[in-house]
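Asker: Residue numbers (my numbering), protein chains in the order written: chain W, 1 to 292; chain H, 1 to 238; chain P, 1 to 651.
No wet-lab data here; the hints were simulated from the structure. One should not assume that every hint holds.
Below, computed lysine-lysine pairings styled on DSS-like, alpha-carbon distance capped at 27 Å [claimed, not checked]:
1) Lys160(W) x Lys52(H)
2) Lys397(P) x Lys535(P)
3) Lys186(H) x Lys35(W)
4) Lys301(P) x Lys52(H)
5) Lys92(W) x Lys86(H)
6) Lys301(P) x Lys624(P)
7) Lys186(H) x Lys114(H)
8) Lys624(P) x Lys92(W)
9) Lys52(H) x Lys92(W)
10) Lys186(H) x Lys160(W)
11) Lys57(H) x Lys25(H)
12) Lys397(P) x Lys92(W)
13) Lys78(P) x Lys92(W)
Examples of chain H residues lying across from chain P (beta carbon under 10 Å, computed) [claimed, not checked]:
14) Gly19
15) Leu22
16) Gly56
17) Gly89
18) Gly110
19) Ala113
20) Gly134
21) Val175
22) Glu177
Beta carbons are placed, not taken as given, at the ideal position from N, Cα and C, and that holds for glycine.
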Amino acid sequence: MNPSIIGQMAVSGALMGLVYALIAYGFQLTYATSKSINFGQGELVMVSAFFSLTLLNLGVPYWAMIPGGLLFGALLGLVVERAGVRLALEQKSEGWILLSIIIGLFFFSAAENIWGRDDRPFPTPISADPIHVLGVDVTRLELSVAVGVFAIMGAIELFKRRTLLGKAFEAVSADRDAAELMGISATRTVMLSYGLSGAVAALAGILVSPITTVGPTMASALILKAFSVAVVAGLDSGFGVVLIGMSLGALESLASFYLGSGWREAPGLVLLILALALRPNGVFGKATIRKV
Amino acid sequence: MLQVEDLHAGYGASEVLTGTTLTVKQGTLVALIGANGAGKTTTMRAISGGLKPSRGKVVLDGQEVQGLDASRIARLGLAHAPEGRKVFGPLSVEDNLMLGAYGRLPRFFGFKAKAQADLDRVYELFPKLRERTGQAAGTLSGGEQQMLAIGRALMARPKVMLLDEPSMGLAPVIVQEVFRTIRRLKEEGITLLLVEQFAKSALEVADYAYVMERGRIAVEGTPAELSRNERVIAAYLG
Amino acid sequence: MKRILLLRGAELIVFALLATIPLLVVNPYALGLLTLLAIYGILLIGLDVTVGYLGQVNLAHVAFLGLGAYTAGLVVTKLGLGMGPALLAAMAVGLLLGGLLALPALRLEGPQFALATLSFAALSTTALNELEGLTGGAQGLSLNRPPVFGHVLTPPLFYWLCMALLAVVWMLMRNLLASQWGRAFEALRDSPIATDAMGVGTYRHKVAAFALGSSLGGLAGGLYAFNFQYLQPQSYTYDLMIILLLGVVLGGRKSLWGAFVGASVIVLLPNLLSNRLLFQVFSGLGFAGALAAGLRGLVKKTTRPFQALAPVVAMGLLVVGGLLVENTEDWRKAIFALMLFSVVVGLPEGLMGFLALFLARLFRVPHAPLPAPSDLDAVLPAHPADGSPLLVLADLKRYFGGVKAVDGLSMTVRSGTIHGLIGPNGSGKSTVVNVISGLYTPSAGRVLLRGAELPQGSLFLVARAGVARTFQNLQLFGELTALENVMVAMKDVYRSPLPLVLLGLARGEERRASADALALLELIGLRDQALTKAKDLTYGAQRFLEIARALARKPDLLILDEPAAGLAHPDMLQQIGIIQRVHQRGITIILIEHHMDVVSELCDTVTVLDGGKVIAEGTPAEVKRHPKVIEAYLGQPPESETSGVPAPEPA
Numbered sequence: 001m002n003p004s005i006i007g008q009m010a011v012s013g014a015l016m017g018l019v020y021a022l023i024a025y026g027f028q029l030t031y032a033t034s035k036s037i038n039f040g041q042g043e044l045v046m047v048s049a050f051f052s053l054t055l056l057n058l059g060v061p062y063w064a065m066i067p068g069g070l071l072f073g074a075l076l077g078l079v080v081e082r083a084g085v086r087l088a089l090e091q092k093s094e095g096w097i098l099l100s101i102i103i104g105l106f107f108f109s110a111a112e113n114i115w116g117r118d119d120r121p122f123p124t125p126i127s128a129d130p131i132h133v134l135g136v137d138v139t140r141l142e143l144s145v146a147v148g149v150f151a152i153m154g155a156i157e158l159f160k161r162r163t164l165l166g167k168a169f170e171a172v173s174a175d176r177d178a179a180e181l182m183g184i185s186a187t188r189t190v191m192l193s194y195g196l197s198g199a200v201a202a203l204a205g206i207l208v209s210p211i212t213t214v215g216p217t218m219a220s221a222l223i224l225k226a227f228s229v230a231v232v233a234g235l236d237s238g239f240g241v242v243l244i245g246m247s248l249g250a251l252e253s254l255a256s257f258y259l260g261s262g263w264r265e266a267p268g269l270v271l272l273i274l275a276l277a278l279r280p281n282g283v284f285g286k287a288t289i290r291k292v
Numbered sequence: 001m002l003q004v005e006d007l008h009a010g011y012g013a014s015e016v017l018t019g020t021t022l023t024v025k026q027g028t029l030v031a032l033i034g035a036n037g038a039g040k041t042t043t044m045r046a047i048s049g050g051l052k053p054s055r056g057k058v059v060l061d062g063q064e065v066q067g068l069d070a071s072r073i074a075r076l077g078l079a080h081a082p083e084g085r086k087v088f089g090p091l092s093v094e095d096n097l098m099l100g101a102y103g104r105l106p107r108f109f110g111f112k113a114k115a116q117a118d119l120d121r122v123y124e125l126f127p128k129l130r131e132r133t134g135q136a137a138g139t140l141s142g143g144e145q146q147m148l149a150i151g152r153a154l155m156a157r158p159k160v161m162l163l164d165e166p167s168m169g170l171a172p173v174i175v176q177e178v179f180r181t182i183r184r185l186k187e188e189g190i191t192l193l194l195v196e197q198f199a200k201s202a203l204e205v206a207d208y209a210y211v212m213e214r215g216r217i218a219v220e221g222t223p224a225e226l227s228r229n230e231r232v233i234a235a236y237l238g
Numbered sequence: 001m002k003r004i005l006l007l008r009g010a011e012l013i014v015f016a017l018l019a020t021i022p023l024l025v026v027n028p029y030a031l032g033l034l035t036l037l038a039i040y041g042i043l044l045i046g047l048d049v050t051v052g053y054l055g056q057v058n059l060a061h062v063a064f065l066g067l068g069a070y071t072a073g074l075v076v077t078k079l080g081l082g083m084g085p086a087l088l089a090a091m092a093v094g095l096l097l098g099g100l101l102a103l104p105a106l107r108l109e110g111p112q113f114a115l116a117t118l119s120f121a122a123l124s125t126t127a128l129n130e131l132e133g134l135t136g137g138a139q140g141l142s143l144n145r146p147p148v149f150g151h152v153l154t155p156p157l158f159y160w161l162c163m164a165l166l167a168v169v170w171m172l173m174r175n176l177l178a179s180q181w182g183r184a185f186e187a188l189r190d191s192p193i194a195t196d197a198m199g200v201g202t203y204r205h206k207v208a209a210f211a212l213g214s215s216l217g218g219l220a221g222g223l224y225a226f227n228f229q230y231l232q233p234q235s236y237t238y239d240l241m242i243i244l245l246l247g248v249v250l251g252g253r254k255s256l257w258g259a260f261v262g263a264s265v266i267v268l269l270p271n272l273l274s275n276r277l278l279f280q281v282f283s284g285l286g287f288a289g290a291l292a293a294g295l296r297g298l299v300k301k302t303t304r305p306f307q308a309l310a311p312v313v314a315m316g317l318l319v320v321g322g323l324l325v326e327n328t329e330d331w332r333k334a335i336f337a338l339m340l341f342s343v344v345v346g347l348p349e350g351l352m353g354f355l356a357l358f359l360a361r362l363f364r365v366p367h368a369p370l371p372a373p374s375d376l377d378a379v380l381p382a383h384p385a386d387g388s389p390l391l392v393l394a395d396l397k398r399y400f401g402g403v404k405a406v407d408g409l410s411m412t413v414r415s416g417t418i419h420g421l422i423g424p425n426g427s428g429k430s431t432v433v434n435v436i437s438g439l440y441t442p443s444a445g446r447v448l449l450r451g452a453e454l455p456q457g458s459l460f461l462v463a464r465a466g467v468a469r470t471f472q473n474l475q476l477f478g479e480l481t482a483l484e485n486v487m488v489a490m491k492d493v494y495r496s497p498l499p500l501v502l503l504g505l506a507r508g509e510e511r512r513a514s515a516d517a518l519a520l521l522e523l524i525g526l527r528d529q530a531l532t533k534a535k536d537l538t539y540g541a542q543r544f545l546e547i548a549r550a551l552a553r554k555p556d557l558l559i560l561d562e563p564a565a566g567l568a569h570p571d572m573l574q575q576i577g578i579i580q581r582v583h584q585r586g587i588t589i590i591l592i593e594h595h596m597d598v599v600s601e602l603c604d605t606v607t608v609l610d611g612g613k614v615i616a617e618g619t620p621a622e623v624k625r626h627p628k629v630i631e632a633y634l635g636q637p638p639e640s641e642t643s644g645v646p647a648p649e650p651a
């Protein structure tokens, strides 16, 4: 087997894997503040992508569309928090799992009926011509995914470390009750995390759409792998999701090359079940201390 | 400065507080002592909003605050250094301190400059914390974490500060240091409500004290009065 | 007799009615729906095991339906075997794969568990699609219903088969839930920690329950295959999973009737959606119901505003949608979503949970009479106490981050003694107990029971090794009665294998367990309240019950973690009496206590901790005079930190 082909497959797979990492990062944001994640996150990716496409079709320029799409994603995130998560958290129940699935289902059905069931192309000014870097061909489009992912994750990490609000965010995730005693409203912090998580999902949609096209089912495969990445890496390591996301993407692209495209999903799922058996808290996760 | 009237609160069906009434005047140090399970910590939590009282009033500086969210009460000027210290483990010492002043600092940028004066004051009080500014709070020793918890509460420039079992789990030497700190806070005119299991030490620093038994105040008075009270001597002072 | 009639009457009537239907109705469409009802009934009973009894969101059940269906299909088409072996194989596949998935997945909680099951479902769809040589892939797989004993299964016969299987599953599940297994399910949801500490084994019960539920999914899959006689991988996807969840939640969790009602809803849904007028009427009714319930909740202040209003909004959307949308089929997912949302938020107990409240008021079912208590000597035989070392801790350490909770502790507990462990708050007492009992793994050091190394880091294994404990913050099983709390923990009684339990042939040991438990309740003075739910007992009674429950383990070593905390004076006296009675039976006790009076009254030896280290050890009197103890308490004798309760009289 030609090593350069392997390298080629691995690199483009890894770049795709960054999208999984980005969605998984969205899970981590909400998990940090509330120990909950949005099981309908895939639908946020998809609906935001459709909305962004509509903005483009209305004549909004590409670069102006991006903030619009992110804002819309953030808004959807807030809807999920208000309708699906807050009540369950107040009651200390796990009802949010079911409720976020349900809200996702509603978004899915709405998108299907508003935008139709067909896949549509997503225009982008970034060229899809390959360029030659270190012996492998990558397209600017693929590189733009990497740039986008690292830009938003970097921005959010900077926000968490450099602003007081961001530190408050970390405080809530470390000890919710103690944070409240400092005057930090946990409810608002959870809202903020869902808003950010929604924006992250929207960006994932905008980045991936030019490559995969936009359709109601565009996120169903993506989201499964994002789940795998989040669980394998653990729900509290940003570095972990990037590493696991890229490895999974590479592995997957090799699997579909050698085993057939239908098996594309398999490595992620197998990796997930293995990781659960060996490291239940994730490879980069922290063990929790039980108290009585 | 802080008044608590007929406070009832509990967890689920079981009521722990059955009508607690106490007053903390401005600039005084009030101690709350009593057996384990008498409801001291529950009183603290019901005052600071971690637990919603089912009945009764909490008045902070003339304003009724019972039933408000803990974060709201904190921003109104009540700082609570909780039992078990509860520092933010993964965050640095300095971040922990700055979060103590969260209510009055700008949310995005320039907060450090604004907090600097208070930071210096806390570091002056606890020189050990200055040495460990950048270290994660979770890696500090128990005594250092307690200093940090007190420092964090101070950063808020609170109208009233609640200190819950600051000596808990600490070696005797460190406990003495904690009490020296408390005395110093008192000299600076900070209004304090202190819960302590070491009744004698608590009475030595307090201006006034309440003894709790089974969810309500059983005896109250100045330390001198309590030290003469037969019942208190038998039960708490040996 | 009245009791049996009340409890079983409805089941008998419904199943008898269902059995006669093919004789009365000849409409094949209606019969087809009823056959599906039976299949979904079995499927939902299986799903309810995880979603209801274990309280976990399980998204893999649909995969077991699919795997069961394909297994049955392949057994018939490729191996040429009959229906019986096919259904058995389908169940076996469900059981095995369910067990395999559960082993890693059930070490997880909540969201991670849901994710793991979701991934399994996706993996199984992928496999069914891709193993084309075997399954025919997306082309699908056709099969015929093989004849049974030479009879061709006509629709009525197949219907009877499905109904009969539903009735059997129903009965087996009822027997299981009435046994120790049912109690264990309740217990592990109330307090997994206490369930482990009582030697029941949270994890193994969860895995077994999950595998059992999955095998029912497999069985339903087998029937599903013979019903439709054509299989396609895309029939078993996420969409169907959501509908199944809708069925369980709407019907009512933790209820066989709930599964039945849920199955009826699932079967009727497609008809509802295909007829616009019917849908409008239905959504109108739903809206009115949500409005009435919401207003009632708001006026009576029993629900939060969100809980009352959100279902009204959701049902309102359904009504408006029903009027505006031409083809309701197109919006079916949104319709499911709105319905499910309303139910989860507004009626979390489901239809049966709601109905059960009314029925309980209408018919009062008397409780089965309790057996006479066993002889206490039989339940708790007196231990020979020779004063030899029973428990040895050697240089035990446990650190949390920078905090040294236990820092090199060595002590020996002699058999037949009450060994006190005292010290200020946070001195490491609770951590020591948590390390011995297996909640925490020690950072270093050894724990020996009778010279043998005690298992580390597993409450369950330590409990099995003969150590029982109580909890400072009560960890009772609130939803179980006092009697059941003790029965859950009962050691050496439940010996019947699972098949006998399922067939209802383990009643003898049930009777013995409850007689033994009654004897222990008598010991602590709670026999009269045996049938009161633990959460409804007084605080003092709850503390006593913790001890009775631990005694059901017939322990060599009993650890009492602050048994008198928060007790009023009369209760404290009673508690001291209970501990003395337990001690008289020769059981070795470690007593963690804050009340020095209690310690002086009860203990033979006292170890004093401070800062995670031993600072003194000896008789209570020696310890009180010990200079280090006085120093650690800042110049006061140790009484200083105890309560205002005067020293209790000797019992």
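Asker: Take the hints in turn and mark each one as holding or not.
Answerer: Hints, verified against the model:
Note on Lys160(W) and Lys52(H): the hinted pairing is violated, with a Cα-Cα distance of about 31 Å set against a maximum of 27 Å. Distance check on the hinted pair: Lys397(P) and Lys535(P) sit about 36 Å apart at the alpha-carbon level, beyond 27 Å; violated. Among the hinted pairs, Lys186(H) with Lys35(W) is inconsistent with the structure: their alpha-carbon atoms are about 40 Å apart, more than 27 Å. Note on Lys301(P) and Lys52(H): the hinted pairing holds, with a Cα-Cα distance of about 17 Å set against a maximum of 27 Å.
For the proposed pair Lys92(W) and Lys86(H), the alpha carbon gap of about 21 Å is at most 27 Å, so the pair holds. Distance check on the hinted pair: Lys301(P) and Lys624(P) sit about 54 Å apart at the alpha-carbon level, beyond 27 Å; violated. The suggested pairing of Lys186(H) with Lys114(H) holds, with an alpha-carbon distance near 25 Å, which does not exceed 27 Å. Between Lys624(P) and Lys92(W) the CA atoms are separated by roughly 45 Å; this puts the pair beyond 27 Å, and the hint is violated.
Proposed proximity of Lys52(H) and Lys92(W) is supported: the alpha carbons are some 16 Å apart, at most 27 Å. For a cut-off of 27 Å, the pair hint linking Lys186(H) to Lys160(W) is broken: about 36 Å separates their Cα positions. Among the hinted pairs, Lys57(H) with Lys25(H) is consistent with the structure: their alpha-carbon atoms are about 16 Å apart, no more than 27 Å. For the suggested pair Lys397(P) and Lys92(W), the alpha carbons sit about 34 Å apart, so the restraint of at most 27 Å is broken.
Our distance criterion of 27 Å between C-alpha atoms is broken by Lys78(P) and Lys92(W), whose separation comes to about 50 Å. Look at Gly19(H): its Cβ only gets to about 16 Å from chain P, farther than 10 Å, so that hint breaks. Against a cut-off of 10 Å between C-beta atoms, the interface hint on Leu22(H) is violated, since the closest Cβ of chain P lies about 17 Å away. This hint is violated: Gly56(H) has a C-beta 19 Å from the nearest C-beta of chain P, more than the 10 Å allowed.
Because the beta carbon of Gly89(H) sits about 6 Å from the nearest beta carbon in chain P, less than 10 Å, this interface hint is met. Interface hint status for Gly110(H): violated, as the beta-carbon distance to the closest one in chain P is roughly 32 Å, over 10 Å. Because the beta carbon of Ala113(H) sits about 30 Å from the nearest beta carbon in chain P, more than 10 Å, this interface hint is broken. A cut of 10 Å between beta carbons decides the hint on Gly134(H): the least distance to chain P is about 15 Å, and the hint is violated.
Because the beta carbon of Val175(H) sits about 7 Å from the nearest beta carbon in chain P, less than 10 Å, this interface hint is met. Look at Glu177(H): its Cβ only gets to about 12 Å from chain P, farther than 10 Å, so that hint breaks.
Of the numbered hints given earlier, the model fails hints 1, 2, 3, 6, 8, 10, 12, 13, 14, 15, 16, 18, 19, 20, 22; all others are met.
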